[in-house]
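There are 2 protein chains.
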Amino acid sequence: MASEFDLIARYFTRTAPAGLLGVGDDCALFPVPPGEQVATSTDLLLEGRHFFPDVDPRALGHKALAVNLSDLAAMGARPIGCVLGLALPRLEEPWLAAFAEGFHALADAHGCPLIGGDTTRSAHDLAISVTVFGAVPAGQALRRDGAEAGDDIWVSGELGAADVAYRLLDGQYAANDALLAATRGALEWPQPQVALGLALRGIAHAAIDLSDGLLQDLGHILAASRLGASLDEASLPVAPAVAAMDEALRRRAVLGGGDVYQLCFTAPPAKRDAVEAAARAAQARVTRIGQTLSQAGLRVMDSQGHPLADLPAGFDHFPAS
Amino acid sequence: MASEFDLIARYFTRTAPAGLLGVGDDCALFPVPPGEQVATSTDLLLEGRHFFPDVDPRALGHKALAVNLSDLAAMGARPIGCVLGLALPRLEEPWLAAFAEGFHALADAHGCPLIGGDTTRSAHDLAISVTVFGAVPAGQALRRDGAEAGDDIWVSGELGAADVAYRLLDGQYAANDALLAATRGALEWPQPQVALGLALRGIAHAAIDLSDGLLQDLGHILAASRLGASLDEASLPVAPAVAAMDEALRRRAVLGGGDVYQLCFTAPPAKRDAVEAAARAAQARVTRIGQTLSQAGLRVMDSQGHPLADLPAGFDHFPAS
Numbered sequence: 001m002a003s004e005f006d007l008i009a010r011y012f013t014r015t016a017p018a019g020l021l022g023v024g025d026d027c028a029l030f031p032v033p034p035g036e037q038v039a040t041s042t043d044l045l046l047e048g049r050h051f052f053p054d055v056d057p058r059a060l061g062h063k064a065l066a067v068n069l070s071d072l073a074a075m076g077a078r079p080i081g082c083v084l085g086l087a088l089p090r091l092e093e094p095w096l097a098a099f100a101e102g103f104h105a106l107a108d109a110h111g112c113p114l115i116g117g118d119t120t121r122s123a124h125d126l127a128i129s130v131t132v133f134g135a136v137p138a139g140q141a142l143r144r145d146g147a148e149a150g151d152d153i154w155v156s157g158e159l160g161a162a163d164v165a166y167r168l169l170d171g172q173y174a175a176n177d178a179l180l181a182a183t184r185g186a187l188e189w190p191q192p193q194v195a196l197g198l199a200l201r202g203i204a205h206a207a208i209d210l211s212d213g214l215l216q217d218l219g220h221i222l223a224a225s226r227l228g229a230s231l232d233e234a235s236l237p238v239a240p241a242v243a244a245m246d247e248a249l250r251r252r253a254v255l256g257g258g259d260v261y262q263l264c265f266t267a268p269p270a271k272r273d274a275v276e277a278a279a280r281a282a283q284a285r286v287t288r289i290g291q292t293l294s295q296a297g298l299r300v301m302d303s304q305g306h307p308l309a310d311l312p313a314g315f316d317h318f319p320a321s
Numbered sequence: 001m002a003s004e005f006d007l008i009a010r011y012f013t014r015t016a017p018a019g020l021l022g023v024g025d026d027c028a029l030f031p032v033p034p035g036e037q038v039a040t041s042t043d044l045l046l047e048g049r050h051f052f053p054d055v056d057p058r059a060l061g062h063k064a065l066a067v068n069l070s071d072l073a074a075m076g077a078r079p080i081g082c083v084l085g086l087a088l089p090r091l092e093e094p095w096l097a098a099f100a101e102g103f104h105a106l107a108d109a110h111g112c113p114l115i116g117g118d119t120t121r122s123a124h125d126l127a128i129s130v131t132v133f134g135a136v137p138a139g140q141a142l143r144r145d146g147a148e149a150g151d152d153i154w155v156s157g158e159l160g161a162a163d164v165a166y167r168l169l170d171g172q173y174a175a176n177d178a179l180l181a182a183t184r185g186a187l188e189w190p191q192p193q194v195a196l197g198l199a200l201r202g203i204a205h206a207a208i209d210l211s212d213g214l215l216q217d218l219g220h221i222l223a224a225s226r227l228g229a230s231l232d233e234a235s236l237p238v239a240p241a242v243a244a245m246d247e248a249l250r251r252r253a254v255l256g257g258g259d260v261y262q263l264c265f266t267a268p269p270a271k272r273d274a275v276e277a278a279a280r281a282a283q284a285r286v287t288r289i290g291q292t293l294s295q296a297g298l299r300v301m302d303s304q305g306h307p308l309a310d311l312p313a314g315f316d317h318f319p320a321s
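Read top to bottom, the protein sequences are chains Z and X.
Numbered by UniProt numbering, the letters in the first sequence go through residues 1 to 321 in order.
Numbered by UniProt numbering, the letters in the second sequence go through residues 1 to 321 in order.
In short, the hints are calculated from the structure, not lab data.
Hints are supplied without guarantee of correctness; some may be wrong.
Claimed, not checked - Computed footprint of chain Z on chain X, listed as stretches where at least three residues anywhere in the stretch have a Cβ under 8 angstroms from a Cβ of chain Z:
id : segment
1  : 25–31
2  : 48–56
3  : 93–107
4  : 123–130
5  : 232–242
6  : 246–256
Ideal Cβ positions, reconstructed from N, Cα and C, are used throughout, including at glycine.
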């Protein structure tokens with residue numbers, strides 16, 4: 001289909017940066033600095049499951065790349081480039097232009113050019129696959145299995161807003177324009193913490209992003225590192241609009257809400273100043289929220305020092321109907 | 001969903017080979033030998049568009065990886081690993097087991113382990129995204145833009161069978177069990193020409209695979225290299241079952257039929273012996289089918305030395321309804 005190729009060319013083919021072979025050959029090519037490894041992550045996003053059908057296409061283009069850049073951030077990897085697969089139920093040029101604009105803007109901001117792709121028609125749903133590539137010096141990646149007992153547990157940014165925005169847009173919560181305005185950006189325009197991930201190399205023992213929610217993702221670190229942890233609820237950095245909500249809803253959003261592209265990481269107490277300095281250099285906010293323990297299990301202590309009885313499970317946005 | 005994670009773990013998590021960090025962290029990690037570049041390609045395959053809904057899942061797992069390995073072959077890149085995104089309308093364990101078996105068998109045969117992925121539910125269609133990574137010494141990749149005037153044009157394998165099998169299965173041709181049996185393997189179990197691509201480094205000037213069909217893909221080489229070409233129809237390696245067909249159908253299948261994971265490449269006449277030796281080393285059949293010309297345009301000469309008047313356009317399998 002000539003029209004399809006024309007559209008790909010118009011919106012997705014850019015001149016590849018020097019040293020990279022981009023869209024237009026069987027493969028894209030990129031160099032890797034000596035002594036560095038390639039870090040890669042892939043996500044497949046589907047309409048109705050990972051995003052609402054009427055989402056702003058500019059935000060969708062941004063987020064499709066952001067969730068993958070967040071995985072590079074969580075490894076402490078520097079972005080190199082990305083490839084995009086796009087299955088479109090319709091060819092709508094304004095939609096495509098806006099999607100590409102959102103995608104390329106974030107790619108440019110992180111030096112992560114689109115170097116290959118595949119566009120096709122789909123019978124029903126819009127599907128977006130993004131694979132990112134980054135580089136990290138051998139042995140310096142921030143893995144999930146590197147945490148040690150007695151580490152501080154830190155998170156970047158604020159928690160809870162994405163979950164609340166999702167439930168408002170999904171109709172689970174009564175319409176509330178002010179609350180939606182205060183939370184929607186966290187859901188639709190997440191900012192991957194790439195600079196923070198790079199700054200934490202050599203400081204953090206383990207890191208992960210919070211795409212599945214704080215308890216579930218911290219649980220992945222603990223399981224991989226064979227540790228437990230205790231969190232201090234009062235220390236959690238709750239998004240201001242969420243802090244005013246009913247306690248049960250707030251806890252569900254903060255502890256269980258996924259789709260959060262902030263980092264959770266552990267570092268030894270001796271590195272507190274180094275963590276703070278790394279965060280300042282990356283212009284990120286970080287908060288110390290608890291400690292890892294040699295004993296298995298994850299507890300969240302309330303302000304009276306009692307463990308919360310019912311911890312919310314990781315929340316699966318857009319469950320299959 | 002615990003069940004979903006369990007299934008991923010059961011069928012897609014394997015112990016990563018030494019030096020690679022596989023499924024189970026934010027990113028997979030792999031090393032790249034000094035002086036080599038990374039080659040990468042991505043494909044997004046959709047039910048009803050790239051494969052029939054009732055296709056053997058073992059064949060589907062094989063083909064989803066094969067089409068990507070074929071892109072590495074066409075660049076002369078050695079496979080390193082791959083990532084898989086899978087959107088499933090249902091979780092059917094026998095289907096998943098067979099798909100994984102077909103995928104892993106081809107991955108093992110080419111030393112291309114699955115090192116990362118993303119599995120999700122889809123509302124309607126099955127979607128499969130595969131991204132492969134390979135390595136190629138800097139400057140040695142077989143690109144599309146390296147052909148020179150006076151090069152021989154070669155193809156590997158045989159042509160025409162995949163197109164005929166597709167049209168039989170799609171009901172465009174009257175049912176013919178013998179013809180289907182003779183052609184179906186080319187459509188459903190394509191063998192990527194990885195060894196041939198590697199053997200052609202330093203010999204071929206340009207290469208491409210025939211996923212869009214001979215005329216269209218050779219056209220990509222000619223456009224990128226600013227050349228024309230003349231092909232000799234009588235020299236084309238036609239699959240035996242196709243050779244017996246009506247002339248118009250045969251030409252459509254051989255010249256226009258896509259979904260062919262063989263290589264088309266150019267090399268100078270002085271390298272004919274080297275090409276033959278490379279093919280023998282790779283246990284591949286290669287056939288010389290024409291020459292590149294400095295003058296633009298692509299002609300196919302019939303057995304009387306006259307150019308064919310109506311060349312079939314590249315054929316888009318599974319066009320959008």
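Claimed coverage, the segment 93–107 of chain X by chain Z - three or more beta carbons nearer than 8 angstroms: Three-residue rule not met by the segment 93–107 of chain X, so violated; n is 0.
Closer than 8 angstroms, Cβ to Cβ, for at least three residues: run that test on the segment 48–56 of chain X against chain Z and report holds or violated. holds (count 3)
Proximity test - 8 angstroms, beta-carbon atoms, the segment 25–31 of chain X to chain Z, at least three hits: Contact hint for the segment 25–31 of chain X vs chain Z: holds, 7 residues under 8 angstroms.
Is the listed coverage of the segment 246–256 of chain X by chain Z valid when you require three or more residues with a beta carbon under 8 angstroms from a beta carbon of that chain? violated (count 0)
Cut-off 8 angstroms, C-beta pairs, minimum 3 residues; does the coverage of the segment 232–242 of chain X by chain Z stand? Answer violated; 0 residues pass the 8 angstroms Cβ test.
Given that the segment 123–130 of chain X was listed as covered by chain Z, double-check it with a C-beta distance under 8 angstroms for 3 or more residues. holds (count 5)
The structure fails hints 3, 5, 6 (numbered hints given earlier, in ascending order).
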